[in-house]
Amino acid sequence: MSVLPANIPPTAPRDNAGTTPYRFIETARAIEAEVSQVIIGQSEVIRGVLTCLLAGGHALLEGIPGLGKTLLVRTIGEALDLTFSRVQFTPDLMPADITGTSILRDSAEGTRSFEFQPGPLFANLVLADEINRATPKTQSALLEAMQERRVTAGRTTHSLPEPFFVLATQNPIEMEGTYPLPEAQLDRFLFKLTVPYPTEEDLLHIAQVTTGANMPHPTRVASGAALLELMHFAREVPVAESVLRFAVRIVRRTNPETPDAPAEIKRFARYGSSPRGLQSLVLGAKVRALLEGRYNVAFDDIRAVALPALRHRIIVGFEADAEAVTTDKLIHDVVATTPEE
Amino acid sequence: MTMLSPAATYHAELRQQLDSVGWAISVQRGLVWLARGLMAGSVIVLGLVVWAWTSDTVRNLPIPGLVLVPIVVALLTAVGSLFIRHNSRELARRIDRAASLHERSTTALELGARGEEFPLAIAQMRDAVEHLRRIEMLDAFPLRVPRRELVATFFVVLVAAIVGFSPNPWLLRARASNPSITIAREQAQRVQRLADSLAAEQNPQIDALRQVLNNGAKTVDARSNEPDAALNALQDLEEQVQQMSQGDDQLSASLAAIASALAGDQATQPLADAINTGDMRQISQASKDLAQAFQSMSPQDQQRVAMVMRDAANRAGRVSQSVGNQLQQAADGLQAAAAAADAAQAGQNGQDQGQSADGQQADPNGAQAASDAMNQLSDSTAAADARQRTASQLESSRNALERALGRTQSRSGTNGSNGTSNNRSPANGQGTNGDPSAGQGQDSSGQGQGQGQGDQPGNGNDPGGAGSQGDQGGDGSQTGQGGGYSTGGDPNATNNNGSPSNLDAIYDPQQVQASGQAAPNESSVNPYTSDAGSGSAQTAPEAVQPSYSNQPTQGNDQGSIPLGLRDLVKDYFSSLDQK
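From first to last, the protein sequence lines stand for chains A and B.
Quick note: the first sequence uses the working numbering, first residue 1, plus one each step.
Quick note: the second sequence uses the working numbering, first residue 1, plus one each step.
No wet-lab data here; the hints were simulated from the structure.
Keep in mind it's a predicted model, so treat the numbers as computed, not measured.
Virtual Cβ for every residue (Gly too), placed ideally from N, Cα, C.
Where hints are given, some of them may not hold.
[Unchecked claim] Reference listing, derived: stretches of chain B covered by chain A, where coverage requires no fewer than 3 residues with Cβ under 8 angstroms from a Cβ of chain A:
1) 100-109
2) 159-170
[Claimed, not checked] To list a few chain A residues with every Cβ distance to chain B over 12 angstroms, as calculated:
3) ALA213
4) ARG235
5) VAL239
[Stated by the list, open to error] For each label pair, taking beta carbons as the anchor points, the in silico distance ranges come out as:
6) B:PRO64 <-> A:ALA263: 53 to 59 angstroms
7) B:GLY115 <-> A:ALA96: 22 to 28 angstroms
8) A:ARG220 <-> B:ILE84: 57 to 63 angstroms
9) A:SER159 <-> B:GLU90: 48 to 54 angstroms
10) B:TRP23 <-> A:SER43: 38 to 44 angstroms
11) B:ILE84 <-> A:PRO161: 34 to 40 angstroms
12) A:LEU244 <-> B:TRP51: 52 to 58 angstroms
13) A:ARG220 <-> B:GLY115: 38 to 44 angstroms
14) A:ILE206 <-> B:VAL151: 30 to 36 angstroms
Using the sequences plus the hints, can you model the full thing?
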């Protein structure tokens, strides 16, 4: 099945041996196409989640209930032939409930021993639904696993399966009884994606597709191993020094203490992006470049991923809240005013 | 043979592609810099115009030079821009932007420079090279008309034109407070007009004079804001013209000798008459006419005229060797032509017609030589005439400027000594008072000046000295003017001593009855005038001055007054106005 769009560069190699740029793009586009059959609209979110997966990062999806966040993550899991688990975070959810715990087990010989029972985190794709409803203790356990990609139970450390992705969702409304993620933990997500409300056409399409007798089901187009290969491949995309410096300048200028930061940043931002934000920016740009049919990162790639990569890493003060200045607007300002050279 | 690695191959090809990018950019930039140079040149022109505007020398700016400055600057900047070299990195960046290559070239260039060989790097370089191959450089870097620069140039030129054509209010104010500036400018314009009035002939002497006058006019005009300096320039110019006129006295004297020699023959009588008039222009024309007449003269006439010419050459040679030589050449030429014609005539009588034709073939050659010699004489007299008129006008201009500056020292003595008076009355028996003093205009006030030439005495412009001039000018009772200028009147008239009071009295004409007998100083009935009324016949000068000045002023404007006399007329009536 060929789903390549017309803008695939003509220089793509025709042999499909090994991981080639052509194969990368073909696979990525196939995943995207499969997900798009189920998730109507939300192409930007789908592209963002896919970028996150291919960059080897975790994504935080934010949006009101009913927009298809959970369906999106589950569809991706099905399209990728990955083990998938879903955890509905609640205030009474304990760390062991997600990481797993050691249980006492009788052996056939009549001896008893503790055996580790893996939690839902032991899956390739984990959907952490409404992550902000769990207590900080549980959130911390999840975020530690996300960062370290392993779980420690007792005195034993258990590695999480590869690839390992956490796609967390959170509801920006109904904040009562929730535990907003601390900034340090938000930083562990590669992207923070905002799920917008569908357009009228998309709603019409949703109604037509999801209320009929035949619901579309995605087919598996890639295995976990193939995905790992693509992830490694994406990291090899070359970046010109000027483009890299552009990304560095953007990240630096989100920091209010930087001399050449925009006035808006100096006024409203308390903290800027961390170096991890720069990593996210560059990695996301590399994947985007491949998805766009290029073998190098362009300035436009950096600009395109600046919002999802940086919006959860800039901490604004109360003045911004008072004047309804969002981090998205600040990032727009930074990107628009940062020179390429 | 060494095989290059794929990365090195792509890198080399990439650099080659970037060279063509550099060429396209150079062409595009050359066009832009051409327009920018045009703008810069226009700004320079604007600066020059503003400078000239402030120093009131806009008229002296050479228009071709003003046009050339922007063009030359534009060409220099455009050519100079072609020599600016680009580095490959800059070229890659430019082509990435121009052709929306999304940093393909920049990245490939870096990868190639680092010698990266991993698959994605090679794929990237190949991708970049193949994209570059497909780019039409003139599409990526189109030759757009640099409108911004051209519009700016247009406005700069417009401003320069406005500045150049608009009067300078400060200078106008300065001129209003110092009228001598205006007079200095007027004199410069007069000198320029004089230079322009010199006919463009194949006469090197007149050409030289015109050149001197052109330069002098520009100098005077450039210094008109400092009238003293303008006066000095005018004096320098006058001296130059005087130096050029050094041989003219000899020419005049030799012409007098020639006239007496030529008067005896019918064929040369017109030239003699022209010489007797003292008008170099007429002499020149008569010389030309005689030169043309040579061609159609019979051999006998040519022989006779040749003898007359030889006599004239002998007489003129005592005064001016060059004039004598010219006449001698003319005589020789005519002699040869006559001899040839005689020989032809003999051949016709005795032999066949063919020999006659051969004999006549020599005839025009001799006549041509004579014509050439007379034409040379004509040129010399024409140049002398031009110098004479020029000297007269320059003197007039200097006087006007001196008066404006309040310098009233007498120059009559000097001018008197320079004045020429050709007493030709013995030659033609006409006129009586060829007294040189008639042209001097010397009197107690010491400002009269001019030249008297026999029976056309005097261009005196001194009011105080006019009375005596009128008296001495032949028919002074009728034509002597109170202003000091006398045309001399009828050379046949007797030298009546007119009453000085007649010169100063101005009459208010009274209309007489139709039936009455009009006295010589009364007007007859004119149906187009109304009753003049009664009153005193004599009236104050102020009452009639405007109408009195009107005719000569119009004559000056319409060119009916001879060029050499216009300034005198103007100065005279201007002095009356001032009174």
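Right, here's what the structure says about each hint:
Here the region 100-109 of chain B counts 6 residues with a CB under 8 angstroms from a CB of chain A, which clears the bar of 3, and the coverage holds. Remark: the region 159-170 of chain B is not confirmed as covered by chain A, as 0 of its residues place a Cβ nearer than 8 angstroms to a Cβ of that chain, below the required three. In this structure A:ALA213 is separated from chain B by more than 12 angstroms, as the shortest Cβ-Cβ distance comes to about 45 angstroms. Non-interface call for A:ARG235 relative to chain B: violated, since the shortest CB-CB distance, roughly 10 angstroms, does not exceed 12 angstroms.
Interface exclusion of A:VAL239 from chain B breaks down, the closest Cβ pair being 7 angstroms apart, not more than 12 angstroms. Checked against the given bound of 53 to 59 angstroms, the beta carbons of B:PRO64 and A:ALA263, roughly 56 angstroms apart, stay inside it. A beta carbon spacing of about 53 angstroms between B:GLY115 and A:ALA96 contradicts the range 22 to 28 angstroms that was offered as a hint. Remark: the range hint 57 to 63 angstroms for A:ARG220 to B:ILE84 is upheld by a beta-carbon distance near 58 angstroms.
One distance hint, 48 to 54 angstroms for the beta-carbon pair A:SER159 and B:GLU90, holds here, with the actual separation near 49 angstroms. Separation of B:TRP23 from A:SER43 is about 42 angstroms and conforms to the stated range, judged on CB atoms against 38 to 44 angstroms. Separated by about 59 angstroms at the C-beta atoms, B:ILE84 and A:PRO161 break the suggested range of 34 to 40 angstroms. In this structure the supplied range 52 to 58 angstroms holds for A:LEU244 paired with B:TRP51, their Cβ-Cβ distance being about 54 angstroms.
At roughly 41 angstroms, the beta-carbon separation of A:ARG220 and B:GLY115 lies within the given 38 to 44 angstroms, and the hint holds. A beta carbon spacing of about 55 angstroms between A:ILE206 and B:VAL151 contradicts the range 30 to 36 angstroms that was offered as a hint.
Hint compliance for this structure: hints 2, 4, 5, 7, 11 and 14 are not met, and every other hint is.
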